[in-house]
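Starting from the known structure of chain S, fit chain C onto it as the hints suggest.
Respectively, the protein sequence lines represent chains S and C.
Taking the working numbering as reference, the numbering of the first sequence is continuous, increasing by one, and the terminal residue is 729.
Taking the working numbering as reference, the numbering of the second sequence is continuous, increasing by one, and the terminal residue is 729.
No incorrect hints appear here.
With a straight-line Cα cutoff of 35 Å, these simulated DSBU-like cross-link-like pairs (lysine-lysine) come out: (1) C:K335 <-> S:K396; (2) C:K548 <-> C:K464; (3) C:K553 <-> C:K482; (4) C:K337 <-> S:K413; (5) C:K335 <-> S:K353; (6) C:K544 <-> S:K335; (7) C:K353 <-> S:K413; (8) S:K329 <-> C:K553; (9) C:K544 <-> S:K329; (10) C:K396 <-> S:K335; (11) S:K353 <-> S:K652; (12) S:K676 <-> S:K553; (13) S:K413 <-> C:K335; (14) S:K703 <-> S:K661; (15) C:K353 <-> S:K396; (16) C:K661 <-> C:K703; (17) S:K544 <-> C:K337; (18) C:K329 <-> S:K544.
Treat the hints as calculated values from the structure; they're not laboratory data.
Number of protein chains: 2
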Amino acid sequence: MENSKGKRAMATTHATELFPTVAVTMCTGETQANLASLITHNKETPNQCNFPQHGNIMDNSIKKSVTKSFNIPKEDCIMQLPWVVNNVKPSREDESQADIQENIQQMSLAIVKCTEEAKDKLAQVITHNVETLSQRKSHVLGYPVNQEFDYDALAPFLHFHLNNAGDPFTGSSYTLNSSKFEVCVLDWFANLWEIEKGEYWGYVTTGGTEGNLHGILTGREQLPDGILYTSQDSHYSIFKVARMCRMKCVTVDSLVSGEIDYVNLKASLLANKDKPAIINLNIGTTMKGAIDDIDRVLQTLEETGFSCDRFYIHCDGALFGVMLPFLKQAPKITFKKPIGSITISGHKFLGCPIPCGVVITRVGYINTLSRNVEYIASRDATITGSRSGHTPIFLWYALKERGLRGLQNEVQKCMMSARYLQRRLHDAGISAMVNKFSNIVVFEKPLDEDFVHKWSLACKENIAHVVVMQHVTIEMLDSFVNEFIQKRRIWFKNPLCLSEDIGAENCACIAHN
Amino acid sequence: MENSKGKRAMATTHATELFPTVAVTMCTGETQANLASLITHNKETPNQCNFPQHGNIMDNSIKKSVTKSFNIPKEDCIMQLPWVVNNVKPSREDESQADIQENIQQMSLAIVKCTEEAKDKLAQVITHNVETLSQRKSHVLGYPVNQEFDYDALAPFLHFHLNNAGDPFTGSSYTLNSSKFEVCVLDWFANLWEIEKGEYWGYVTTGGTEGNLHGILTGREQLPDGILYTSQDSHYSIFKVARMCRMKCVTVDSLVSGEIDYVNLKASLLANKDKPAIINLNIGTTMKGAIDDIDRVLQTLEETGFSCDRFYIHCDGALFGVMLPFLKQAPKITFKKPIGSITISGHKFLGCPIPCGVVITRVGYINTLSRNVEYIASRDATITGSRSGHTPIFLWYALKERGLRGLQNEVQKCMMSARYLQRRLHDAGISAMVNKFSNIVVFEKPLDEDFVHKWSLACKENIAHVVVMQHVTIEMLDSFVNEFIQKRRIWFKNPLCLSEDIGAENCACIAHN
Numbered sequence: 217m218e219n220s221k222g223k224r225a226m227a228t229t230h231a232t233e234l235f236p237t238v239a240v241t242m243c244t245g246e247t248q249a250n251l252a253s254l255i256t257h258n259k260e261t262p263n264q265c266n267f268p269q270h271g272n273i274m275d276n277s278i279k280k281s282v283t284k285s286f287n288i289p290k291e292d293c294i295m296q297l298p299w300v301v302n303n304v305k306p307s308r309e310d311e312s313q314a315d316i317q318e319n320i321q322q323m324s325l326a327i328v329k330c331t332e333e334a335k336d337k338l339a340q341v342i343t344h345n346v347e348t349l350s351q352r353k354s355h356v357l358g359y360p361v362n363q364e365f366d367y368d369a370l371a372p373f374l375h376f377h378l379n380n381a382g383d384p385f386t387g388s389s390y391t392l393n394s395s396k397f398e399v400c401v402l403d404w405f406a407n408l409w410e411i412e413k414g415e416y417w418g419y420v421t422t423g424g425t426e427g428n429l430h431g432i433l434t435g436r437e438q439l440p441d442g443i444l445y446t447s448q449d450s451h452y453s454i455f456k457v458a459r460m461c462r463m464k465c466v467t468v469d470s471l472v473s474g475e476i477d478y479v480n481l482k483a484s485l486l487a488n489k490d491k492p493a494i495i496n497l498n499i500g501t502t503m504k505g506a507i508d509d510i511d512r513v514l515q516t517l518e519e520t521g522f523s524c525d526r527f528y529i530h531c532d533g534a535l536f537g538v539m540l541p542f543l544k545q546a547p548k549i550t551f552k553k554p555i556g557s558i559t560i561s562g563h564k565f566l567g568c569p570i571p572c573g574v575v576i577t578r579v580g581y582i583n584t585l586s587r588n589v590e591y592i593a594s595r596d597a598t599i600t601g602s603r604s605g606h607t608p609i610f611l612w613y614a615l616k617e618r619g620l621r622g623l624q625n626e627v628q629k630c631m632m633s634a635r636y637l638q639r640r641l642h643d644a645g646i647s648a649m650v651n652k653f654s655n656i657v658v659f660e661k662p663l664d665e666d667f668v669h670k671w672s673l674a675c676k677e678n679i680a681h682v683v684v685m686q687h688v689t690i691e692m693l694d695s696f697v698n699e700f701i702q703k704r705r706i707w708f709k710n711p712l713c714l715s716e717d718i719g720a721e722n723c724a725c726i727a728h729n
Numbered sequence: 217m218e219n220s221k222g223k224r225a226m227a228t229t230h231a232t233e234l235f236p237t238v239a240v241t242m243c244t245g246e247t248q249a250n251l252a253s254l255i256t257h258n259k260e261t262p263n264q265c266n267f268p269q270h271g272n273i274m275d276n277s278i279k280k281s282v283t284k285s286f287n288i289p290k291e292d293c294i295m296q297l298p299w300v301v302n303n304v305k306p307s308r309e310d311e312s313q314a315d316i317q318e319n320i321q322q323m324s325l326a327i328v329k330c331t332e333e334a335k336d337k338l339a340q341v342i343t344h345n346v347e348t349l350s351q352r353k354s355h356v357l358g359y360p361v362n363q364e365f366d367y368d369a370l371a372p373f374l375h376f377h378l379n380n381a382g383d384p385f386t387g388s389s390y391t392l393n394s395s396k397f398e399v400c401v402l403d404w405f406a407n408l409w410e411i412e413k414g415e416y417w418g419y420v421t422t423g424g425t426e427g428n429l430h431g432i433l434t435g436r437e438q439l440p441d442g443i444l445y446t447s448q449d450s451h452y453s454i455f456k457v458a459r460m461c462r463m464k465c466v467t468v469d470s471l472v473s474g475e476i477d478y479v480n481l482k483a484s485l486l487a488n489k490d491k492p493a494i495i496n497l498n499i500g501t502t503m504k505g506a507i508d509d510i511d512r513v514l515q516t517l518e519e520t521g522f523s524c525d526r527f528y529i530h531c532d533g534a535l536f537g538v539m540l541p542f543l544k545q546a547p548k549i550t551f552k553k554p555i556g557s558i559t560i561s562g563h564k565f566l567g568c569p570i571p572c573g574v575v576i577t578r579v580g581y582i583n584t585l586s587r588n589v590e591y592i593a594s595r596d597a598t599i600t601g602s603r604s605g606h607t608p609i610f611l612w613y614a615l616k617e618r619g620l621r622g623l624q625n626e627v628q629k630c631m632m633s634a635r636y637l638q639r640r641l642h643d644a645g646i647s648a649m650v651n652k653f654s655n656i657v658v659f660e661k662p663l664d665e666d667f668v669h670k671w672s673l674a675c676k677e678n679i680a681h682v683v684v685m686q687h688v689t690i691e692m693l694d695s696f697v698n699e700f701i702q703k704r705r706i707w708f709k710n711p712l713c714l715s716e717d718i719g720a721e722n723c724a725c726i727a728h729n
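Just chain S, same shape as in the assembly (with noise of 0.2 Å):
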């Protein structure tokens, strides 16, 4: 094989050369109107600079010095380099009073114009946007996303591009990180599923779905031809994983509740006793937040012969991975057991505006995954390489201000706060449950899709549920049940059975009632 290497000559060009002439030849990527009108612009006045000398974003010794550099006609270089059109002044056409009301109204969002936008009409569509997004707050009830945070005091972060490259206990090479911020986060998360700092490796994700990948992947490195299992409730991204990452997976049956059905897990271990078990369990279900049993699992692929090395347990934490440990009673998630991984998302109980998450797995395996990256100066195992700094500093900041304490009266409200909502849809004849140690409340789905969308609710099948989340008041659930109450009238004839959704004993059907 012919080695062509340095064959091509490599030539270092002037930056005269690589600009057009005329400014409209760049604007590739303009509608096409507007490109004609530019065009047609620019053809009449073919030898004039069309740009305000004003307003420059390069000070004059800068450019002075380019021009030097180049040996480029200071008035040559003017007229090639625009520098900028930052204060150019919108014309009163622009600004009518009919271009600002469609603006607002109709959300002019398009970006078509090839002249900067005028900051005060971007602050009116800003304005506008965030007002209807006030209003919708008030009614998401259908998602597990806490929205009572403040993080005002970290706008100032705002300001920096921060990126934790890499692995966040070796940095890297790009300074603007917040490392430091994330392994503290880390840490407390290694705390609360007990295991020590040391034993354990893990990052802040870009949410579950990440979290899933990495703790899939990982169980994937460590017994390359293991079997995917995961119940049939499981969050879409489970499925998603399995493809992408080409493992062969068995969705096993699920309980009324939700819950992993322990005798269908056992039957398909034992039907796939050759292949190691990859198992994803869920802390709760996406849907009805049940919890699957890691101790009844365990002792699943005990009795199912498969030893410690022939499976890896990976816990889909999403929404309950943060709030079980603040619960009497509670299954114990914990690194004391046998699992190899345990994810949360960040958004959902904490609350972050960007969608955020945290996985934790045993420092052992990371080796496999790793991969020394000298552009960064750090090692990588993680999935997406480039990653949030604010993340880590929103979740730092949530756990900091509030304290265990905090933390513990939140989910104490909205554990009640559920059970308030499932009492007063029982008292309206309406089938709901709650699983033991959910926040999330199931219900017979509405059938007006106007409703649904008005309350965000989320829906599958015969059903839709509530997750009670810290910004859910008691007047939102009393105002979304009258609301249910009222308009169920209209489409309701006889209660729709729910036993083989909710359980026999959550059903308000005429059999079971």
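Relative to chain S, chain C alone:
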């Protein structure tokens, strides 16, 4: 196989059963020392409520209704539900000057307290870190990250958890989203790379790695037994993706410029003629900013007998994907050529506090990837599922605020300043190279670790680089070069020959100068 559905009785519980009677039992996750002290404290006051009654987050009416609902005596409820400790004033001891100093100087970030941290202490830590970052920011030269942005106008959006779960074009049932902004941003990029609305699909990613993962995965789903080809100068994420997705990966040699070696590519393709080809092209490479020539690769595919249905091309345009359209004579990145996907990083040229990116592909490929997800009332063809709603707004603002002409000015500034830096290094007798359409200046690796760290330089083997982004001023470059020259006298003996790394014409060694 026995179906155990419904066999297990589900107990719905009263909230009172769930909570420990004393707060301490919930303090799992606390540091051992703190936990021990808390246990001691609680043992001493087992029947007292340790929490102040002021500053409750639940107002009395809510507490009353919850209490009433569960028939819990009001007093008991307060005992068991110490709602809040928000207004606890830190003791004098806590506030001592020594402690504050420790907080600031030793960056006491650890989250070890059971109760929440006082706001003023947090503010001190934040201020200290923001100052440190500001100092560092003026020296960030080695990474392709634009630090010149101001998104203060978008701060109000930080009061919401925005989530663009699922497909940006179908929306989802989670109403706090920015899908409209996202679609505008995608339309802009589709236009830039010349693919019609309706013909393309895409989304805003968490960064370049996710974009590469998505693009290559899209290729794999089209050509399941395809082999991935990528040059040795490719970003480390490409090799990671290959491994994650269980794809055979052929590493192709690079030319001295960093560009893929077309002769070696041809030989590799011929050696694997029986398998389809999935080709990653760098637009441009991470270290040297070299651009793989799409046309030459297409010609190579034709010569080796790969018809259009037997190859898929993904373009990793992390930095240059946005810049090239603004440069005269630059290779055209367009969907008019038979490519499958393009990705860019949003935090690189455009600038964004949080890592993000854009991936655009042909809509026809997406049906193979997507799954309907009833839970979010959307379909999912993304990697991360739950996705940031903020980053699309940042990108929208970045594009709208600048317009095409603003972007054009910035590209010009970066290109000019990069050539200024190369000239200054050459003048000082230091080997240095800039590829034709690149703002990355590659030079002799400094042998002083502190110097490398101070300027956040990225190094690889014998070379280092500076990526001249928008925030890099001529003053910064002068300051960098002057310090480089000064420090270099310490380690400098004879100039290392770098002809193998950056070409003989850029080498300042005795043989080539």
